[in-house]
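> Sequence:
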Amino acid sequence: MHLEAEQALRDADELLLVTRGRRSGREHAVTLRFAYADGSVWLRTEPRDAPRTPAATVVVRRGAARPPDWYRNLAAEPRCRVHVGGFDLPGNARPLGDPQAALHRAVELWRAKYGAEWVADWYLDAGRIPVRVELG
752 MHLEAEQALR
762 DADELLLVTR
772 GRRSGREHAV
782 TLRFAYADGS
792 VWLRTEPRDA
802 PRTPAATVVV
812 RRGAARPPDW
822 YRNLAAEPRC
832 RVHVGGFDLP
842 GNARPLGDPQ
852 AALHRAVELW
862 RAKYGAEWVA
872 DWYLDAGRIP
882 VRVELG
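So the mapping is simple: my numbering equals the position in the sequence shown, first residue as 1, plus 751.
A portion of the hints provided could be inaccurate.
Capping the alpha-carbon separation at 16 Å, the derived lysine to aspartate or glutamate pairs in EDC-like fashion look like this [stated by the list, open to error]:
1) K864 - D764
2) K864 - D789
3) K864 - E778
4) K864 - E757
5) K864 - E765
It should be emphasised that the hints constitute simulated quantities derived from the structure, not laboratory data.
Work out the full structure: start from the sequences and follow the hints.
What follows is the structure, encoded as structure tokens:
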């Protein structure tokens with residue numbers, strides 16, 4: 752990966768995640784906050800019981816909360832692209848062996864990036880799902 756791309760990943764507050772629609776097969780893009788470490792971006796979903804809000808959050812339909820489309824698209828097809836700082840980087844969502852440990856890692860990275868005041872402890876208890884996308 753280019754040094755400039757790595758710097759963009761460290762500096763940017765948001766990225767554009769492009770997945771392949773699990774039903775339509777068309778590209779699906781969403782802007783998300785993220786953290787970057789060791790060649791991977793770390794994402795997380797909103798709480799599973801959150802009300803309907805912008806695209807990066809859980810949508811409640813038919814009385815049941817479910818993860819957002821981008822998450823379900825990655826589950827069906829882990830290959831994706833990340834746009835950040837003018838770079839278009841290939842990515843691959845990797846399974847997490849221990850989701851709770853992965854969530855703690857993601858929260859640790861988010862706190863370092865966005866500040867402890869913004870990333871409170873409730874991140875760990877709110878039903879968020881961590882996602883690791885390996886770049887390259």
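> For every hint, state whether the structure bears it out.
Verification of the supplied hints:
1. Using a Cα cut-off of 16 Å, the hinted pair K864 and D764 holds, with the two alpha carbons roughly 9 Å apart.
2. Under the criterion of a C-alpha separation no larger than 16 Å, the hint pairing K864 with D789 is consistent with the structure, at around 14 Å.
3. With a CA separation close to 29 Å, the supplied pair K864 and E778 exceeds the 16 Å bound.
4. With a C-alpha separation of about 14 Å, the suggested pair K864 and E757 falls inside the 16 Å cut-off, and the hint holds.
5. Restraint check: the Cα-Cα separation between K864 and E765 comes to about 11 Å, which is no more than 16 Å; the hinted pair holds.
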